[in-house]
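Asker: So you can see what is in the structure, the chains are spelled out below.
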Amino acid sequence: MHKKQGTSPYPFSVFRSSSFRIMAMFAGCFVVCGITVMAVSGYHSLHLLRQQLQKVISNERDEALSDAVIHDIPHLRPVMTELVRNEPGFYYLLQDAQKHIVVGNMLPLRPQTGWRTLSWTHRSLPRDHRPVIGYGVLLDDGGYLFVGIDAEPVQTLRRDLWFTLAWSAASFIVIGFAGGFIVSRLVLNKIETISQTARDIMKGSISRRLTLNTTNDEFEHLAASLNAMLDKNERLIESIRQVTDDIAHDMRRPLAHLGQHLDEIAHEGLSHSQQHTLSLAKVNLDEALEIFSTLLKIAQIESGEGIPDTQDIVLDEILHSVTELYRPITEERGQKLILRLDRKALPLSGNRVLLMQMLANLIENATNHCPRGSTITVSSGMAGNAVMIAVADDGPGIPPQERERVFEKMVRLDRSRSIPGTGLGLSMVRAVVRLHQGTVRLLDNEPGVRCEIRLPEAGRKLTRDVPPPVIRVQDTGNAGK
Amino acid sequence: MSELVFSPAADVLLIEDDSMTVTYIERFFQDSHIHITTTVDGLRGQELAMTRSWDCIILDRRLPGIDGLTILTHLRSHNIQTPVLFLTTMDGIHDRVTGLRHGGDDYLVKPFALMELSARIESLLRRGREPQNEVTLTFADVEINLLNREVRRAGEKLYIQAQELKLLEYFMRNPNVILSHKMLLQTVWDIDFPIHSNLLASHISRLRERLGRDATPLIHTVKGHGYILRTQ
Chain A
0 MHKKQGTSPY PFSVFRSSSF RIMAMFAGCF VVCGITVMAV SGYHSLHLLR
50 QQLQKVISNE RDEALSDAVI HDIPHLRPVM TELVRNEPGF YYLLQDAQKH
100 IVVGNMLPLR PQTGWRTLSW THRSLPRDHR PVIGYGVLLD DGGYLFVGID
150 AEPVQTLRRD LWFTLAWSAA SFIVIGFAGG FIVSRLVLNK IETISQTARD
200 IMKGSISRRL TLNTTNDEFE HLAASLNAML DKNERLIESI RQVTDDIAHD
250 MRRPLAHLGQ HLDEIAHEGL SHSQQHTLSL AKVNLDEALE IFSTLLKIAQ
300 IESGEGIPDT QDIVLDEILH SVTELYRPIT EERGQKLILR LDRKALPLSG
350 NRVLLMQMLA NLIENATNHC PRGSTITVSS GMAGNAVMIA VADDGPGIPP
400 QERERVFEKM VRLDRSRSIP GTGLGLSMVR AVVRLHQGTV RLLDNEPGVR
450 CEIRLPEAGR KLTRDVPPPV IRVQDTGNAG K
Chain B
0 MSELVFSPAA DVLLIEDDSM TVTYIERFFQ DSHIHITTTV DGLRGQELAM
50 TRSWDCIILD RRLPGIDGLT ILTHLRSHNI QTPVLFLTTM DGIHDRVTGL
100 RHGGDDYLVK PFALMELSAR IESLLRRGRE PQNEVTLTFA DVEINLLNRE
150 VRRAGEKLYI QAQELKLLEY FMRNPNVILS HKMLLQTVWD IDFPIHSNLL
200 ASHISRLRER LGRDATPLIH TVKGHGYILR TQ
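Just so you know, the sequences run in chain order A and B.
Each step along the first sequence adds one to the number in numbering that gives the first Met the number 0, with nothing skipped, and position 348 is 347.
Each step along the second sequence adds one to the number in numbering that gives the first Met the number 0, with nothing skipped, and position 163 is 162.
Derived from the structure by calculation, the hints contain no laboratory data.
For clarity, every value in this text was computed on a predicted model and none was experimentally measured.
Don't be surprised by glycine CBs; every beta carbon is placed ideally from N, CA and C.
There could be a bad hint or two in this list.
[Unchecked claim] Far from chain A by the CB rule (all over 12 angstroms, computed), these chain B residues:
#1 16
#2 39
#3 68
#4 137
#5 160
#6 202
#7 204
#8 210
#9 216
#10 222
#11 227
[Said to hold, decoys possible] DEER-style ranges, computed between Cβ atoms:
#12 338/A x 22/B: 43 to 51 angstroms
#13 154/B x 286/A: 44 to 52 angstroms
#14 34/B x 249/A: 27 to 35 angstroms
#15 213/B x 343/A: 44 to 52 angstroms
#16 154/B x 343/A: 38 to 46 angstroms
#17 341/A x 65/B: 44 to 52 angstroms
#18 10/B x 249/A: 30 to 38 angstroms
#19 99/B x 204/A: 30 to 38 angstroms
#20 343/A x 10/B: 20 to 28 angstroms
#21 284/A x 34/B: 44 to 52 angstroms
The shape of chain A in the complex, shown without the other chains (with noise of 0.2 angstroms):
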């Protein structure tokens, strides 16, 4: 029941930040420009290296037809043979029409003019399985003649440059990806400290603020203007809230002095009917006054100031208690009130009082709200270190999207107003709960509403499994066994 829900997103992920994902995406940027620069670079060097042997090759087929006067092959053999014994870097042939080798250092090649590059050297002796780049020149009697070059250069060349390509896209990508991963960090650790403070200032240390340090970057900034608004929504709270109180108790003094002149008139020998509108201004009057001590009770419990220690107390009592308190009226409506308590006794400290209102106040809500037949039960138990107290009703239940907005103060749903009550039930239980750090939730109890508080053990404090007191809404019915 206490999973993590979909909207916490602590703790955040490195992963996930956006300082990691704009590094992540530098680190590719970087990758992609590295990688072209160096393919350009390459082929570019690659090229000026063929150029060359080319010249090469050039020249020494120029010089041998030159040599020969008339391109064929008697004229061609005295020169060739003469530079296959003395030009051993180059690889020759010549052979005839029917691919028979007149001279060469070669085996035979199918005939082909031009340039050409051989994936292997062809060579007969010594043999070897270099690569060759030559010029190949059909000749006037059908003959062939190819002057070719070690093209090893060039393959190294284009090997090396691959090399180097892959090695440094990988650790662009590795430097890329952990200089994301640290910046985040140090980002994300920042954040980080932020968010905690929200997060206390959320749980209602409403005075906690940023700490600042002198690095005077662009989070001290930050931090300076969230701790300004932050001062600024405190001033603004504890005014309204100043504003409420003071309203609530200034309005009780000419409340009370209104009261005092209605019981001084109902001495003065009112007919029947000036005497019962009388008695319905005392019940508005009272009504009035209720609401604002209760508000200001409220107000009270949650500001935690001037609330009794805590003392140990016997849950089976309160619990007894209260439901007999309630059992003839319940009875009178027609309605079942079953008390079932846990076989143990457990242990409990707090304000008898106030978990005594409380009770009575979400026994009174079920009574209220349920029909006549319905069955109103309240229960205890152990919930892992928590005690757990439950009122739950099969009346007509409360919608999904109203079980959190139920607990704010006057916040009714019975539109018509027909059921009695200030509104202010709910947010008392809620303000008791809280200043016991506890929990409560509102469940479906398919069919209507089942109340669960969690308090913790006497001496102990919730675990933090079970969340800080906050209102969770849950549209599940089977939490409860």
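Since the structure of chain A is provided, determine the placement of chain B on it from the hints.
Answerer: The following block gives chain B in isolation, referenced to the frame of chain A:
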């Protein structure tokens, strides 16, 4: 108030600095058997409380010069056991408890209805007069044996539940006194917060039934204020 006229006269000391409340209280008790002596000053009030004998003292919690709580502590330390009713301005949860803890007998939160004050004074006065260690309580033909918790009406044993007995006992200890809704809830159920009064009506009608549907009614409703145990 007619049912109270025959009660013996009582001297009540009111220590209260709010002149409007003083006038309000004084005017209400003008023609009754309760004689109010007022002082607006705390120290003067303490002096009066120490030097004269009173049946009851109404003490404001916050007074100029001296705190109501200090006066009470002073009185009790000098073994003066006069019943004291506290008036507290704020219905601070803390204020109520500390008043009782320091030896106060009852408290009333301002603003209060005069009938409520009157009922509480009557109850305190009666408590002072009644012997404390009785074995039986008797009113009209009803008798409670406090030792075996047996209730008899006209000699016939009645079956009454624990909570109902507590309610009846409270009435029997305060016959002919109007007991307000608040007093009943506070004393019988320990409930110290507003609750809708028809809740109490259900309990009372049950108790009336236990006492006999056809017998002479003893618990009467005082409309808008509470209930009273009397013979007619």
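Asker: Taking the numbered hints from earlier one at a time, note which ones the structure violates and give those numbers from smallest to largest.
Answerer: Checked against the structure, the hints that fail are numbers 5, 6, 7, 10, 20 and 21, while the rest are satisfied.
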